[in-house]
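Undergrad: Heads up: the sequence lines are chains A and B, in that order. Just so we're aligned: 14 in this note's numbering is position 20 of the first sequence, and the numbers increase by one with no gaps anywhere. Each position in the second sequence, counted from 1, maps to that position plus 49 in this note's numbering.
Be a bit skeptical, because a hint or two may be false.
[Claimed, not checked] Taking beta-carbon pairs under 10 Å as the criterion, some of the chain A residues facing chain B (in silico):
#1 I5
#2 Y10
#3 T46
#4 E50
#5 G81
#6 R88
#7 P229
#8 V230
#9 D232
#10 V233
#11 L234
#12 K235
Source of the hints: derived by calculation from the structure; they are not laboratory data. Since the structure is predicted, the reported quantities are computational estimates derived from the model, not experimental observations. For glycine and all other residues, C-beta sits at the position ideal for the given N, C-alpha and C.
Each chain, written out:
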Amino acid sequence: MAHIEAQRLSIEFPLYHLSARSLKKRLMARAAIRLKEDEGHRVVVAALRELTFRIEPGERVALVGGNGAGKTTLLRTLAGIYEPVAGRLEVEGRIGSLIDPAAGMDMESTGRENIVLRGLYLGLSEAECDEMAEEAGRFSGLGEFLDVPVRTYSAGMAVRLSFAAATLMSPEILLMDEWFLAGDADFMVRATERLEQLVVGADILVLATHDMKVVREWCTRAIRLNGGRIEADGPVADVLKD
Amino acid sequence: MRSPVNLAHSLGYVRDASAPRNLERALDDLRSGLSRWRLAAALARLDIRNRYRGSVLGPFWMTLSTAIMVTGIGLLYSTLFRMSLREYLPFLAVSLLVWNTISQIVSDACTSFISSEGVIRQMPLPYTVHVLRFVFRNAIIAAHSLPLILVVFVVFGVYPGAEAFTVLPGLLLLAINAFAVGLFLGMFCARFRDIQQIVASIMQLAFFLSPVLWKPALLGHWQALLPLNPFYVLMETVRGPLVEGGAPLLIWVCALFYTALSCTLAFLFFVRFRGRIAFWV
């Protein structure tokens, strides 16, 4: 069964350009909370600090917290992009991530080419990619613009395209950044429908968001992050109360 | 809705900082990365297209500039070296093209990961895919120069014999080395951004120290030391078959040795630091 289990999971970002002695001292002197020095005397930002949690199938988890709390970093770590520096992370199940919609987009290629490219990134065969291009093309509603370079798209059109390409999957674990909930109103009606389908189809949803309305509507559990640590973890009503 | 995506990686994983299983995961990365050569090839084609977008000649600009260089240097140096054009020019043309390819590979290797930064930080892909993309990209560029060699051969009526086919293993060795260098320098340059500048000046020095413009025979008895120069050895496995009726056995042995060395080095580095790449780019 799909599940996610983290034990004392930590992620640190090295800041290589801050290695100059004086700058380092100045930063450290201010009793920095999240900047520290690791064994190799590098300045690192503790992005996630000793997170321990377990997500069972059927759970809809919202990651909440201020800017820089570590929400997106946690999503990316769950997606398998960052290696933990300490602790253990176990993810079981097919992962689909909607973190950055523009990921892997090529501005010079047409919309259709970009959808095929996305399919290749996902590891699909060429025939499957073409099929995917058809489906995503229809959903995006871009019409004739599908065969025009993405460079010439308006921001809204780019969003439609990336949304259509990125949501063509049926993962067991869905990792989603709130970015995906923004878009023009007309398109959002259809987009929301699609997201709901995805969310319902997935065993586990992990959603990073600032929008408490979305949290109440979609999620069963909330994890509040602050400074890379878990501040509160529990049913949505309990966590959002304080 | 879409059928399940057949990405081995996305089926779940265990990451344990106290038991990183570096070797196993590096091998896994290489295996799954190589099996996804289609993606790498598609990305390489895009790279070429974007790099030369709007340009009339595209990658053929490099061929043209090499052609001009071959003519200019050929006329001057054949006089300096007191060699006939017919003897010198085919050698020079192949030399310069092979050297350009090697130097292009080495300088591009520095950005094999940095240039894929956007993808690396957004999608979990085998790192091998990015290196493969870089190898394909350079193979495509190099292939554009082939017509020039043919033109020079036809103009001077020089035709290599059946030995010319031994150029294939030579090109294969070059590709394998490109992969190793792309892996190694790609990581190294992502971590230390100064390396790229150092590499550029080393390559400039290597151009003059290697027999690109001058024939190895001009070194006299010092020629015995040439196999110590890996650039010369790798260049000779391609140039030898085309203009000198095959490369000597010693060259092949040295080329295999250098290839083994670069692969080992790159692999050890990859096993040790693979997990850090996402933080470096």
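Undergrad: Against this structure, judge whether each hint is valid.
TA: Here is how each hint holds up against the structure:
{"no.": "1", "hint": "I5", "verdict": "9 Å, holds"}
{"no.": "2", "hint": "Y10", "verdict": "8 Å, holds"}
{"no.": "3", "hint": "T46", "verdict": "14 Å, violated"}
{"no.": "4", "hint": "E50", "verdict": "14 Å, violated"}
{"no.": "5", "hint": "G81", "verdict": "6 Å, holds"}
{"no.": "6", "hint": "R88", "verdict": "5 Å, holds"}
{"no.": "7", "hint": "P229", "verdict": "26 Å, violated"}
{"no.": "8", "hint": "V230", "verdict": "26 Å, violated"}
{"no.": "9", "hint": "D232", "verdict": "29 Å, violated"}
{"no.": "10", "hint": "V233", "verdict": "26 Å, violated"}
{"no.": "11", "hint": "L234", "verdict": "30 Å, violated"}
{"no.": "12", "hint": "K235", "verdict": "33 Å, violated"}
Hints 3, 4, 7, 8, 9, 10, 11 and 12 from the list above are not met by this structure, while the remaining hints are.
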